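Asker: If you want the building blocks of each chain, they are given just below.
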Amino acid sequence: MSDAVKTKVIQIIAEQAVLEPSDVKMDSTLESLGIDSLGLVESIFAIEEAFDIQVPFNANEPSESDFDISSVAAIVEAVEGLVKEQA
Amino acid sequence: MPRAMNRVVITGMGTINALGKSVPETFTAMAEGRCGIDTINVRDVERLSVQIGGQGRGFDPEEFFNRQQIALYDRFTQFTMLAAKEALAQSGLEFHGLLADEAGAIFGTAGGGVNTWDENYRTVYEEGKNRVHPFVVPKLMNNAAASHVSMEYNLKGPSYSVSTACASSNHAMGQAFHMVRSGASRAMVTGGAEAMLSFGGVKAWEGLRVMSKDACRPFSANRNGMVQGEGAAVFVFEEMGHARARGADILAEVVGFAMSSDAADIVMPSKQGAARAVRGALRDGGINPAEVGYINAHGTGTAANDKTECAVVADVFGSHADKLMISSTKSMHGHLIGGTGAVELLACIMALRDGVIAPTIGYEEPDPECALDVVPNEARDAKVDVVLSNAFAFGGLNAVLALKKV
Chain A
1 MSDAVKTKVI QIIAEQAVLE PSDVKMDSTL ESLGIDSLGL VESIFAIEEA
51 FDIQVPFNAN EPSESDFDIS SVAAIVEAVE GLVKEQA
Chain B
88 MPRAMNRVVI TGMGTINALG KSVPETFTAM AEGRCGIDTI NVRDVERLSV
138 QIGGQGRGFD PEEFFNRQQI ALYDRFTQFT MLAAKEALAQ SGLEFHGLLA
188 DEAGAIFGTA GGGVNTWDEN YRTVYEEGKN RVHPFVVPKL MNNAAASHVS
238 MEYNLKGPSY SVSTACASSN HAMGQAFHMV RSGASRAMVT GGAEAMLSFG
288 GVKAWEGLRV MSKDACRPFS ANRNGMVQGE GAAVFVFEEM GHARARGADI
338 LAEVVGFAMS SDAADIVMPS KQGAARAVRG ALRDGGINPA EVGYINAHGT
388 GTAANDKTEC AVVADVFGSH ADKLMISSTK SMHGHLIGGT GAVELLACIM
438 ALRDGVIAPT IGYEEPDPEC ALDVVPNEAR DAKVDVVLSN AFAFGGLNAV
488 LALKKV
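Each protein sequence line maps, in turn, to chains A and B. Oh and the first sequence: position 54 is 54 in our numbering, straight run, nothing missing. Offset between the second sequence (1-based) and our numbering: plus 87.
It is worth saying that the hints were derived from the structure and are not from the lab. Source: prediction; values computed, not measured. Wrong hints could be hidden among the right ones.
As the list claims (entries may be wrong) - Here are some of the chain B residues that sit facing chain A, going by a computed Cβ distance under 7 Å:
#1 Arg296
#2 Ile374
#3 Thr389
Unchecked claim - Residues from chain A shown here face chain B by an in silico Cβ test under 8 Å; the list is partial:
#4 Val24
#5 Ser28
#6 Val41
#7 Phe57
#8 Asn58
Even glycine gets a Cβ: it sits at the ideal position worked out from N, Cα and C.
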């Protein structure tokens with residue numbers, strides 16, 4: 001897992017959750033960080049902008065999406081995959 | 088609360104939407120369960136990730152309007168004018184003297200002249216021009232449709248536009264209902280329109296990530312979002328005695344209306360807020376819940392709306408919720424945003440008048456959280472006497488109308 005992606009994703013999530021990056025753990029869930037559905041789509045937008053990627057995410061079927069949002073670690077991994085794929 | 092003074096009936100209706108360029112065409116399509124959603128034809132469509140919508144097809148403005156009118160009418164005004172022409176012709180009502188002084192046009196739209204905004208932003212931002220057409224402002228303003236209808240039909244009373252996102256038309260028609268019921272006017276022209284299927288209009292919705300890329304499947308377990316539509320529907324609301332005295336064909340009676348605000352979240356629906364509007368409309372119309380045979384659902388096809396709406400119906404109607412029918416015609420014409428309640432009122436009138444319940448098409452998998460009779464995929468013949476039309480907007484603004492057979 002590249003540290004650059006991880007650091008940036010954590011920074012985005014921390015900003016959304018109004019927390020310090022150090023408070024965002026890899027096993028945290030967005031829910032546990034207090035990020036609601038609007039916060040989630042805003043985070044995804046920020047991730048797309050930061051990495052210049054398209055994230056396949058539909059708020060109506062989060063579990064059907066190829067983009068795993070079940071934890072911070074899952075999001076970092078998914079972003080890494082998309083960065084590689086869309087490079 | 089003051090008692091209703093006057094009874095309010097509908098004596099004219101008109102429409103243009105993805106299902107047809109008139110009410111008969113739309114009714115036929117609804118009865119056949121036809122889908123009006125398809126690939127959209129808009130400039131730069133290849134840059135959109137959502138490329139489907141319920142677009143007014145085969146609609147050529149030059150067929151209906153002269154050059155001067157086209158210069159002044161945004162697409163949402165064009166839709167309104169066409170629908171108004173059909174509605175006013177059916178009602179046979181003409182506005183002169185005192186009636187003209189009382190009567191007005193109240194129309195819902197969320198975006199107003201979206202295409203005009205879009206085209207002119209292109210001109211100044213993309214093409215770098217420093218000059219725009221002189222009519223940009225009168226063309227894009229949200230009240231343009233209401234104003235042009237007032238001018239065309241000599242309506243000199245209160246006319247205005249109502250903008251409450253997806254509930255705009257229901258709020259507008261509720262205002263018109265109040266005007267006639269209170270005795271302030273003997274007739275009002277009302278309804279709503281939207282023409283948001285432009286690059287900017289669709290792109291904005293994409294951002295929220297609630298749109299489906301393939302179909303609108305309300306209440307189906309595999310639903311994956313809403314699909315935009317466009318068009319208009321217009322109605323003539325008239326005091327019952329006035330309509331009877333001139334021998335007008337009465338299409339339905341508007342008996343109740345209620346509004347509520349969730350005061351909770353800017354996008355997530357609230358069961359309590361929506362339920363207060365539904366209960367309010369029943370109370371306002373003096374309707375026993377067991378009388379309601381059909382509900383035209385807000386039914387957007389999003390995960391959140393549909394399950395909340397079904398919970399609302401179960402809560403308000405108790406055991407009767409399993410007996411009534413509820414369908415979302417957005418599955419056929421798409422979500423017309425500020426115009427949607429107006430087009431959906433047509434399905435309510437079809438149910439009362441023709442005994443045909445428009446289906447929820449695209450229904451593929453039962454969802455235990457939407458376990459009501461959603462009239463899946465095929466229209467149904469059924470006699471109903473009282474119907475409701477729900478609209479629950481972003482911003483938590485709810486508006487529900489109740490209609491009765493006459």
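Asker: Against this structure, judge whether each hint is valid.
Answerer: These are the hints, each one checked on the structure:
With a least beta-carbon distance of about 5 Å to chain A, the hint placing Arg296(B) at the interface is held under the 7 Å criterion. A cut of 7 Å between beta carbons decides the hint on Ile374(B): the least distance to chain A is about 33 Å, and the hint is violated. Contact between Thr389(B) and chain A, as hinted, is supported at the beta carbon level, the nearest pair being about 5 Å apart and thus within 7 Å. Contact between Val24(A) and chain B, as hinted, is not supported at the beta carbon level, the nearest pair being about 22 Å apart and thus beyond 8 Å.
For Ser28(A), the interface hint is violated, the least distance from its beta-carbon to any beta-carbon of chain B being 22 Å, above 8 Å. At its closest, the beta carbon of Val41(A) sits 5 Å from a beta carbon of chain B; the interface hint therefore holds under the 8 Å criterion. Look at Phe57(A): its Cβ gets to within about 6 Å of chain B, closer than 8 Å, so that hint holds up. Proximity of Asn58(A) to chain B holds as hinted, the smallest CB-CB distance being about 6 Å (cut-off 8 Å).
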